[in-house]
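J.: Those protein sequence lines, which keep their order, are chains P and V.
Going by the numbering used here, the first residue of the first sequence is number 95, and it counts up by one from there.
Going by the numbering used here, the first residue of the second sequence is number 95, and it counts up by one from there.
Treat the hints as calculated values from the structure; they're not laboratory data.
Remember, predicted model here, so these are calculated numbers, not experimental data.
Incorrect hints may have been included.
As the list claims (entries may be wrong) - Part of the chain P face toward chain V, derived, beta carbon under 8 angstroms:
id : residue
1  : R96
2  : T99
3  : Y108
4  : Y151
5  : A153
6  : N156
7  : F263
8  : L275
9  : D280
In this text, a Cβ means the ideal position worked out from N, Cα and C, and glycines have one as well.
Listed below are the residues making up each chain.
Protein chains: 2
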Amino acid sequence: MRQLTFWFEFASTYSYLSAMRIEDMAEKAGVELVWKPFLLGPIFKSQGWNTSPFNLYPAKGNYMVRDIERMAQGRGIPFRLPESFPQNSLHAARLSLVGLHEGWGSIFIKEVYKAEFASGQDISNAETLSSTLKAAGASPNKALESAQSTEIKKNLRANTEEAMALGIFGAPSFTTPSGELFWGDDRLEQALEWSGR
Amino acid sequence: MRQLTFWFEFASTYSYLSAMRIEDMAEKAGVELVWKPFLLGPIFKSQGWNTSPFNLYPAKGNYMVRDIERMAQGRGIPFRLPESFPQNSLHAARLSLVGLHEGWGSIFIKEVYKAEFASGQDISNAETLSSTLKAAGASPNKALESAQSTEIKKNLRANTEEAMALGIFGAPSFTTPSGELFWGDDRLEQALEWSGR
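Kindly produce the complete structure, drawing on both the sequences and the hints.
T.: See below:
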């Protein structure tokens, strides 16, 4: 079985583009998909950045917004940059790990991305998280409690450390069993092709 | 007539990928191509960088090499990172402006990129430049003299200033008459599509 690991960060606009299309594409290509949330914050910090490069380098940030607008428009999905960017994605990332264990992960992940980048909501907000959990068919109270467990916290830290060890420096990233790393939504097609090599 | 401006920097690996395919693609799409050399150095400096981000951020640099290897392999073109990177592209850029005025520009540009990223040669070297000029059908001595003219020096500075004013922060970049900016070889198809809008 061909396999592709999808490294995503909830604060990342380009991860939104991939999250909205990767399931269908993997299925069509006959590739098993592994969803892997991680945090870019510690990776950016190790590069001396205290926020998103889109904030540190305004020309890059301005470009990113227009680029995503065009890409989203071409794919028929909405896009709206939330007022506060980048958002705190810690709780959403932990919840996604709970969901991936319990079977409602991928629906929840897409609901979070839609809340954030289609509706411009704040995904660190408890109400937003509750309604995305409900939309994914999960019990908000139970899920929010599980997300605070030591196991889940360790799991997310381990993912971020693994990402760093693999040389991941941005999101989305894709890795194949043979050790190839791909960065960026525009490499998704190529990553799927390479997943069986 | 649809038009696309191709902003390239001779030190840029991803500009090599675009330079080797843009003419054919533009012709097929019925798009007039404007070649525009500029220097990334002053733009990087304004962002606080004293060298390529691929050197400042090793994870990004390692990734870039493998990414270009895969892309070049897929397109059937060779790739080799020169020992010294990024190279000093000043003289090649000025010479390309002479060539674009005199009609041998695009052949010279491709010859320089091949010398640098297919053969790993140093493009600031006078002999390398002479042999690429010859390969492009130009007279090396005459071209090297013209490249030192005040007009050509001003022209290159003006291109770099225009790039900055347009919000360009990397290479290759593509701009359309309607004011759209695209960054990266992976946006070339989309830029050609938008060139007529």
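J.: Closer than 8 angstroms between Cβ atoms is the bar; does F263 (chain P) clear it against chain V? Give me holds or violated.
T.: Where the cut-off is 8 angstroms and the nearest Cβ of chain V is about 4 angstroms from F263 (chain P), the hint holds.
J.: Using 8 angstroms as the Cβ threshold, decide whether Y151 (chain P) counts as touching chain V.
T.: holds, 6 angstroms
J.: Report holds or violated for the interface hint on N156 (chain P), using the least CB-CB distance to chain V and a cut-off of 8 angstroms.
T.: With a minimum Cβ separation of about 6 angstroms from chain V (threshold 8 angstroms), the hint on N156 (chain P) holds.
J.: Can A153 (chain P) be said to touch chain V, with a Cβ gap under 8 angstroms?
T.: For A153 (chain P), the interface hint holds, since the closest Cβ of chain V sits about 4 angstroms away, which is under 8 angstroms.
J.: Answer holds if the nearest beta-carbon of chain V is closer than 8 angstroms to that of L275 (chain P); otherwise answer violated.
T.: Given a least distance of 6 angstroms, the restraint on L275 (chain P) holds.
J.: Regarding the hint that T99 (chain P) lies at the interface with chain V, is the smallest CB-CB distance below 8 angstroms?
T.: violated, 16 angstroms
J.: Do the numbers back the hint for D280 (chain P), that is, is its least Cβ distance to chain V under 8 angstroms?
T.: D280 (chain P) check passes; min Cβ-Cβ to chain V is 4 angstroms, inside 8 angstroms.
J.: Once the shortest beta carbon distance from R96 (chain P) to chain V is found, is it less than 8 angstroms?
T.: It is violated, given that the least Cβ distance between R96 (chain P) and chain V is near 17 angstroms, above 8 angstroms.
J.: If you take the shortest Cβ to Cβ gap from Y108 (chain P) to chain V, is it below 8 angstroms?
T.: violated, 12 angstroms
Checked against the numbered hints given earlier, this structure breaks hints 1, 2 and 3; the rest are met.
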